[in-house]
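Engineer: Can you join these two chains into the complex? Each is in its own frame, and there are hints to help.
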Amino acid sequence: MNSITYPLDSSALIKKRKKIRRELLSDGTPRLKKKIAVLGGSTTSDVVSMLDIFLLDNGIQAQFYESEYARYWQDAVFSNDELDGFSPDLIYIHTTTRNILERVSPKMTAEECDMAVEREFDRFRQMWEKIDERFSCPVVQNNFELPSYRLMGNRDVWDKRGMTNLVCRLNMMFSEYAAEHGNFYINDINYISAAYGLDRWYSPSYWYMYKYAMCLEAIPEFAFNLAAIIRSVFGKNKKAVALDLDNTLWGGVVGDDGVENLVLGEETPTGQAYREFQGYIKQLRDIGVMLTVCSKNDEENALAGLAHPDGVLKKDDFICIKANWENKDRNIAETAEEMSILPESFLFLDDNPAERAIVKGSIPGAAVPEMDEVENYIRIVDRNACFEVTGFSEDDLKRNEMYAANVKRGQAMKSFGDYGEYLLSLEMEAEITDFLPVYIQRITQLTNKSNQFNLTTRRYTQPEIEKTAADENCIRLCGRLRDKFGDNGVVSVVIGRKTDPETLDIELWLMSCRVLKRDMELAMLDELAEQAVRAGVKRLRGYYYKTAKNKMVSRLYESFGFSLVSQNGEDTVWELWLEGYKNKNGVIAVNGKPLQRKDGQL
Amino acid sequence: MTKDEIYERLTAVFRDVFDDETLTIGDSTTADDIEDWDSIEHITLIGAVEDEFGIRFRMGEVSGMKNVGEMVRIIMERA
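The listed protein sequences correspond, in order, to chains A and B.
Residue 335 in the numbering used here is what sits at position 335 of the first sequence, and the numbering runs on without skipping anything.
Residue 655 in the numbering used here is what sits at position 53 of the second sequence, and the numbering runs on without skipping anything.
Just chain B, with the same shape it has in the complex (with noise of 0.2 Å):
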């Protein structure tokens, strides 16, 4: 899967998620820059990323993750 391919679907997935048809996302985006992403959207969010995807993120991984970009590196060696 190609990185523009993963950031269609993953658009996608954050736009069903905080209900929002016009929200787009890159490399840098973070929490911050998304007003209703808390920590209980956070879960939501990955649970619906890795149901999309057919993945599992690690434990360490989901802690650790800094931006959206980080999430799509992951998906790369993943999916």
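Isolated chain A (complex conformation) (with noise of 0.2 Å):
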């Protein structure tokens, strides 16, 4: 797992991909199901084989449909009983500038380039539109690349007679779409074709006799690409960057040679380009990417490094610093810990080959780019795309200062010597609603990300959820919590169905593990007990499904005082009457109400 990052071996992946594609389905990981139609305007066999192989190896196991050569739009356009039975999570258009049918030529003017454009849009917007329509699953749409020829030369560009002008137009009027609709991505062919180089991307020879839109050797990254964004929409993305300071944030060993002589800022070009490293890293949190350090050095030295005046990280950017002389495999597992989110979330840079080896072979599942020279790190780790960025939810703006807010909770605690006065102390309120429109695309990506507390691991897409949000046989619960130390956001999700007129069927229970052992589930369940007892409810049904991952909450309902129903292997169903059901949460204000006494009745 994760064993594949940039810069990639394009001609072992190709060669190679039979035996690569074997060991991956036999390691043993657990992996998601999911179903990918690919619509292609060129040959897709060789895309599909190499995107099947970096999902595999990102915890997704596709299963694909791939239309006839040439038929996407027909395919979306028209019913097709095998697409439809197909029912595909995800749809991917693999169109190129080969598929643009329009054309513009100097014979044309203005306003007939302006309506060749137009119509080529609508061609695509059409097909859109459709897909939506029958399957509303996420799609994923190509751009287009730039041409490979110019036939008037640099005026190409700007005048409206010019196909690059016409592609660059396209281009922008896809952007225009994907930012005016939620659920649809494009994947930029156009920057990773430049990347590539445009005169090796295009094989007009693998055209002519395959049908192929790129040369083979580019396949393995155009596709590495691809599947950043479609593991992205499936909650696979990375959370968070464990970072090496000595020669990876800055030149030099901090505690051999001091702060003074570090290699960081604009006097030297090495210096600067440590500067511009820390930069970048920076940058990450804006997108919601928790930043801590691990590194092998007294605090001390660590700390001074980061105060250096010429560095653009400060301590206070990290979540969390671990600087000591322990393993990296395993401060990365304690701070894992503290944040409470997994060990294979992690993105690990260290410019050291030992230390990278360690960290790769014990922590399956973390990303572990090869660091060489400090000039190309920015590029290793943008061209890794571990964070890529599909859904862009409030809370991930905001996740930074959470995470910082729990390692304060944490000192707070330690000055209690009764966990219940601590919980008390920290004046919790819960905001306790129905799936809002506002937190549809957060409820979204909590049910794809969430793995420790989760009863039975089911993923929804966002049409899924906004389909539960308007079922009236549905219960649906969305839970926020905030503290005096700040807002948690969107930390549990509920969702129950009617399956009898008595009977509520819990089909999802998660909550983030945030907020673990803050009572935030006795609120919910408090919730929902009085909810299901207004619509009539009896009793509640609730089901745990092992995972790898979910042990925690394996005696869940037992602990809210379910009974065992039945039992498959380690699977269970439990059940609870809700007559003479008492509150259980005493520490959670919830919905604006004054807090509750514990084991009030309803």
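Some hints could be false.
Output of the computed footprint for chain B on chain A, the stretches with three or more beta carbons under 8 Å from beta carbons of chain B [stated by the list, open to error]: (1) 17-26; (2) 208-219.
Using 16 Å as the maximum straight-line C-alpha spacing, the simulated EDC-like pairs for lysine to aspartate or glutamate come out as follows [stated by the list, open to error]: (3) A:K282 to A:D317; (4) A:K160 to A:E112; (5) A:K16 to B:D622; (6) A:K16 to B:E654; (7) A:K18 to B:D621; (8) A:K16 to B:D638; (9) A:K19 to B:E623; (10) A:K16 to B:E643; (11) A:K315 to A:E300; (12) A:K16 to B:E623; (13) A:K19 to B:D638; (14) A:K360 to A:D27; (15) A:K18 to B:E623; (16) A:K517 to A:D418; (17) A:K16 to B:E652; (18) A:K239 to A:D382; (19) A:K18 to B:D622; (20) A:K18 to B:E637; (21) A:K18 to B:D640; (22) A:K498 to A:E575; (23) B:K605 to B:E654; (24) A:K18 to B:D638.
Simulated from the structure, these hints should not be mistaken for lab results.
None of the values given here were measured: they were computed from a predicted structure.
We put the beta carbon where it would ideally sit given N, CA and C, even for glycine.
Structural biologist: Take a look at the structure:
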């Protein structure tokens, strides 16, 4: 898992893909199962086989539907039993500049050129609208790479009669459509082909012979970029960076050389490179990535290095700083535990190959790219796309503050002898509501990335959550928790479905681990019980489906007072009769009401 | 490069592409002799052979290639 990082060894990936696939499939990793329909305007087989490998490497086992050669538009627009039956979780449209049907030419007027662009765009828009109507699943659409020749030379880019201009205009229109439609993502082939080099990208003979839209060697990089979008949509992004310090964030060894001799700042080329890299890392905070330090150093020296006047990153930019002489894999595991995230959610950046090997070997799933020279650091981190942004929720923007508040809570806890007293001192307030439109994105995100406190680990796409939100047979709870240290945002989601007039099946119960042991689950249960009784329900039925990661909730329903009704291996079913239900939460004020006494009757 | 050297390297490429460590090839081997050698794998194979020997087959050559022997002959001319 996550053994494949940028820079890619394209020739080995192409040659050995069968073996790589076989080995990934037999490594025993539990994987999300997803169905992906690939609608292509050119040959898609190699794109699919590479995408398959990258997704497997990121914990997603995909089943693919591939349209017949160049039948992307027909497949999308007209009903088709095979695709309908496949019912995709995601549709990827692999079109390229070769698929643009409209042409502009020096013989046309500006108005005629405008109309050609509109017609071409409409053809795509019609297809997207049809897909939304038929499948309402996430759609990934390529934009267009620049043409391989320019009839009018440099004029081609600005004159509406140039094909380069047409491609640029279409790309802008695709971007505008993406900005206006959630669940629609652009695969930026324009960027990737430019980064690869257009002359290398285009392989006319592979087009004439096999209808390949790009050369074979470029397909791994292309598919890697595409896989980043898909893994992000399905909640498999990394969450945090663990950073080494010496020769990673600055040149030199702070403990030996002293702060004043570190290579960092505008004076030297290498110092500039380190400073720019620090700036890039700092920007990751803006997209919700959490920064931590994992360095073999005395803490005092590490902090002195971070206080360097030319440094961009400062002590307060990090949620957790581990500077000691322990093994790094252990430090990352501890950091992960303190932050309540999984060790595999880390991107580990270290210039030292030995340290990388240890972390790679002992934390399967963590991303550990090869860092060679400082001038390449930004490109290596950026192209690995560990934090590809697809959904942008309010929580992403505030995550660093929230986790920093968590560390403060930890300190406050130490000053209380009694845990209950500590909980009361937090002055917690919860807002437990239905699935309000403003929370839909965050709810979807939570269903896709919560692994530990998750009873059924059911994953939902945004359209599925929207459908659930409108379903009269469902009771939905979305819980947000605040306390005196800060706002944790939306942290818990419960979906109950009435299967008969008396019974509510709890098909989803999850909570973010950042609020573990705060009694939020009790507040949610109280609310669920109250709403269920109001809807005439007599009993709640809960399910626990075991996964590799959710052992912590295997006895949750038992702790709530449910009784076990059936068992299949380690999967269990539980029931609670609601008559005489007593409130269980006594530490969180819910929906503006004052604190309830524990065990207060409904 | 001698014919034996080419065969040694070419066999390794075939074994990688078809993921079969026991595969052997000779002048008369064709797509019919190797179960997984379909039109899709053919493209991967051609790409991998080009990569291994640092050559590019011409368009006419790829479609006219009847068996492994012809492939080896072209490689000997070019590599």
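Engineer: For every hint, state whether the structure bears it out.
Structural biologist: So, going through the hints one by one against the coordinates:
1. Restraint check on the region 17-26 of chain A versus chain B: 4 residues with Cβ-Cβ distances below 8 Å, three needed, restraint holds.
2. Under the rule that three or more residues need a Cβ within less than 8 Å of chain B, the assignment of the region 208-219 of chain A holds, with 6 such residues.
3. Using a Cα cut-off of 16 Å, the hinted pair A:K282 and A:D317 holds, with the two alpha carbons roughly 7 Å apart.
4. For the hint linking A:K160 to A:E112, the alpha-carbon distance of about 9 Å falls within 16 Å, and the restraint holds.
5. Taking the CA atoms of A:K16 and B:D622, the gap is near 11 Å; set against the 16 Å cutoff, the hint holds.
6. In summary, the hint linking A:K16 to B:E654 is supported, as the alpha carbons are separated by about 13 Å, within the 16 Å threshold.
7. Of the supplied pair hints, the one linking A:K18 and B:D621 holds, its CA atoms being roughly 6 Å apart against a limit of 16 Å.
8. Straight-line distance between C-alpha atoms of A:K16 and B:D638 comes to about 14 Å, which keeps the hinted pair within the 16 Å bound.
9. Only pairs whose Cα atoms come within 16 Å are accepted, and A:K19 paired with B:E623 is accepted, the gap being roughly 11 Å.
10. Restraint check: the Cα-Cα separation between A:K16 and B:E643 comes to about 12 Å, which is no more than 16 Å; the hinted pair holds.
11. Among the hinted pairs, A:K315 with A:E300 is consistent with the structure: their alpha-carbon atoms are about 12 Å apart, no more than 16 Å.
12. Among the hinted pairs, A:K16 with B:E623 is consistent with the structure: their alpha-carbon atoms are about 12 Å apart, no more than 16 Å.
13. Between A:K19 and B:D638 the alpha-carbon distance is near 14 Å, which keeps this suggested pair within the 16 Å criterion.
14. The straight-line distance between the Cα atoms of A:K360 and A:D27 is roughly 15 Å, inside the 16 Å bound, and the hint therefore holds.
15. Between the alpha carbons of A:K18 and B:E623 the distance comes to roughly 12 Å, so the proposed pair stays at or under 16 Å and holds.
16. Between A:K517 and A:D418 the CA atoms are separated by roughly 13 Å; this keeps the pair inside 16 Å, and the hint holds.
17. Between the alpha carbons of A:K16 and B:E652 the distance comes to roughly 15 Å, so the proposed pair stays at or under 16 Å and holds.
18. Pair hint A:K239 plus A:D382 holds up; C-alpha atoms about 14 Å apart against a cutoff of 16 Å.
19. This hinted pair checks out: A:K18 and B:D622 have alpha carbons roughly 10 Å apart, not beyond 16 Å.
20. Straight-line distance between C-alpha atoms of A:K18 and B:E637 comes to about 14 Å, which keeps the hinted pair within the 16 Å bound.
21. Restraint check: the Cα-Cα separation between A:K18 and B:D640 comes to about 14 Å, which is no more than 16 Å; the hinted pair holds.
22. Taking the CA atoms of A:K498 and A:E575, the gap is near 14 Å; set against the 16 Å cutoff, the hint holds.
23. Taking the CA atoms of B:K605 and B:E654, the gap is near 15 Å; set against the 16 Å cutoff, the hint holds.
24. For the hint linking A:K18 to B:D638, the alpha-carbon distance of about 11 Å falls within 16 Å, and the restraint holds.
When the structure is compared with the earlier hints, no violation turns up for any of them.
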